[in-house]
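According to my numbering, the sequence shown holds residues 1 to 386 in order.
I should point out that these hints are in silico values taken from the structure, not numbers from a laboratory.
Where hints are given, some of them may not hold.
With a cut-off of at most 25 Å between alpha-carbon atoms, the simulated SDA-like pairs for lysine to any residue come out as follows [said to hold, decoys possible]: (1) Lys45 / Gln138; (2) Lys61 / Val304; (3) Lys194 / Gln210; (4) Lys167 / Asn342; (5) Lys45 / Ser139; (6) Lys261 / Ile281; (7) Lys261 / Gly228; (8) Lys167 / Cys308; (9) Lys242 / Glu177; (10) Lys194 / Glu276; (11) Lys351 / Val86; (12) Lys269 / Gly233; (13) Lys61 / Ala299; (14) Lys235 / Phe179.
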Amino acid sequence: MSSSAFVQIRRDLHQIPEPGFGEVKTQRYLLDYLERLPQERIQIKTWRTGILVRLSGTNPKRTIAWRTDMDGLPMNEETTYPFRSVHEGFMHACGHDMHMAIALGLLTHFVQHPITDDLLFVFQPAEEGPGGALPMMQSEEFAEWRPDCIFALHIAPEYPVGQIATKPGILFANTSELFIDLYGTGGHAAYPHKTNDMVVAASHLVTQLQSIVARNIDPLDSAVITVGKIVGGTKQNIIAEKARLEGTIRTFSMESMQRVKSRIEAQVKGIEAGFECRAEIDYGCGYCQVFNEESLTAAFMDWVRVACPAVELIQCQEAMTGEDFGYFLSEIPGFLFWLGVNTPYGLHHSKIEPDEGAIAVAISLVSRYFTWLSTQPVEIDRGATR
Numbered sequence: 001m002s003s004s005a006f007v008q009i010r011r012d013l014h015q016i017p018e019p020g021f022g023e024v025k026t027q028r029y030l031l032d033y034l035e036r037l038p039q040e041r042i043q044i045k046t047w048r049t050g051i052l053v054r055l056s057g058t059n060p061k062r063t064i065a066w067r068t069d070m071d072g073l074p075m076n077e078e079t080t081y082p083f084r085s086v087h088e089g090f091m092h093a094c095g096h097d098m099h100m101a102i103a104l105g106l107l108t109h110f111v112q113h114p115i116t117d118d119l120l121f122v123f124q125p126a127e128e129g130p131g132g133a134l135p136m137m138q139s140e141e142f143a144e145w146r147p148d149c150i151f152a153l154h155i156a157p158e159y160p161v162g163q164i165a166t167k168p169g170i171l172f173a174n175t176s177e178l179f180i181d182l183y184g185t186g187g188h189a190a191y192p193h194k195t196n197d198m199v200v201a202a203s204h205l206v207t208q209l210q211s212i213v214a215r216n217i218d219p220l221d222s223a224v225i226t227v228g229k230i231v232g233g234t235k236q237n238i239i240a241e242k243a244r245l246e247g248t249i250r251t252f253s254m255e256s257m258q259r260v261k262s263r264i265e266a267q268v269k270g271i272e273a274g275f276e277c278r279a280e281i282d283y284g285c286g287y288c289q290v291f292n293e294e295s296l297t298a299a300f301m302d303w304v305r306v307a308c309p310a311v312e313l314i315q316c317q318e319a320m321t322g323e324d325f326g327y328f329l330s331e332i333p334g335f336l337f338w339l340g341v342n343t344p345y346g347l348h349h350s351k352i353e354p355d356e357g358a359i360a361v362a363i364s365l366v367s368r369y370f371t372w373l374s375t376q377p378v379e380i381d382r383g384a385t386r
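Make the full structure from the sequences, and use the hints.
Here it is, written out as structure tokens:
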């Protein structure tokens, strides 16, 4: 099939973004496509709204896996596309539509051009939340076909088409959601002495949270605390009895993540005492770091430089981005790389329009890499990634 077919698949999928573990139409679309392929070497399992597809190799000595994510984001689309989302309030703003189209392109290629090793294609739901990688890894379905190595990509708006970027070691951060609810006593704006104002308490807390990284984290380490949303109050002349902070924590080490959470909890206790209120903390969904297995990643980078002169390889810096692919890499050797898609709008932006030319670049690059990898000796220490 030509690359234009997978561009159309991407456009079809772009129109039906769905929330994590709600990817019913997406799963059905993917299964319909898979069922149209020659079935002699294909085995298919479903897990919740995800899919596992195994392709038998000609003389397998290992199983090589490719993972793609499936879900969309809860946001309204503002692109210029004629194929915009038909699901109001949801959009593929993180490239998962492109990721799935690339995965189908790879799978189709290897149906037509088998290699020595078995291949496993992992269509994973709920990457954006609440997190599908960890429970999928723990499933019986995944355990039966557990691969020896696993790989993935993520679109990168800042790189042009034809560029990819990665590095050995840590690539993405540990992440945790952060929700803090404050409960006080509301009342009339004219009688503040009879209340405990949670808008004021929340404002003090936001300011205090910004001191944690500056004064509690080793300056040679990295961490971020962002409060992206505050909700409090009902009217301009009513003192708020409730306030809610919503944010995110990102660190490059688990030790720093634990330190940040400990300091948040201490500061919240101080707010409770100082403002005579009650607080609740919820860390929501958390992802572990994406740690690229160093020898595999270095060998891949060397291979790209020699075998793919049309692809420009960048050794990038680690980023505070979060990705639950890190759970796979915590137990299975592999790596993730950035795929350039050349758009001025960033990930999770309502106007992002990735360059679809990157689909053909990725299919060609990864299919050639897997073909080459299948000819290499098995030197992977299964289950050891650090």
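Now the hints, each set against the structure:
1. Annotation: proposed proximity of Lys45 to Gln138 holds, straight-line Cα distance about 15 Å (limit 25 Å).
2. Taking the CA atoms of Lys61 and Val304, the gap is about 23 Å. The hint holds against a cut of 25 Å.
3. At roughly 30 Å between alpha-carbon atoms, Lys194 and Gln210 are farther apart than 25 Å, so this suggested pair is violated.
4. A threshold of 25 Å between alpha carbons decides the hint, and for Lys167 with Asn342 the separation of about 20 Å falls inside it, so the pair holds.
5. The straight-line distance between the Cα atoms of Lys45 and Ser139 is roughly 11 Å, inside the 25 Å bound, and the hint therefore holds.
6. This hinted pair checks out: Lys261 and Ile281 have alpha carbons roughly 10 Å apart, not beyond 25 Å.
7. For the proposed pair Lys261 and Gly228, the alpha carbon gap of about 17 Å is at most 25 Å, so the pair holds.
8. With a C-alpha separation of about 17 Å, the suggested pair Lys167 and Cys308 falls inside the 25 Å cut-off, and the hint holds.
9. Distance check on the hinted pair: Lys242 and Glu177 sit about 20 Å apart at the alpha-carbon level, within 25 Å; holds.
10. Simply put, Lys194 and Glu276 have alpha-carbon atoms about 12 Å apart, close enough for the 25 Å limit, and the pair holds.
11. Between Lys351 and Val86 the alpha-carbon distance is near 16 Å, which keeps this suggested pair within the 25 Å criterion.
12. Proximity of Lys269 to Gly233 is assessed by CA-CA distance (about 22 Å); at most 25 Å being required, the pair is judged to hold.
13. This hinted pair checks out: Lys61 and Ala299 have alpha carbons roughly 19 Å apart, not beyond 25 Å.
14. A hinted pair counts as satisfied when its Cα atoms are at most 25 Å apart, and Lys235 with Phe179 qualifies at roughly 23 Å.
Violated hint for the displayed structure: number 3, the only one.
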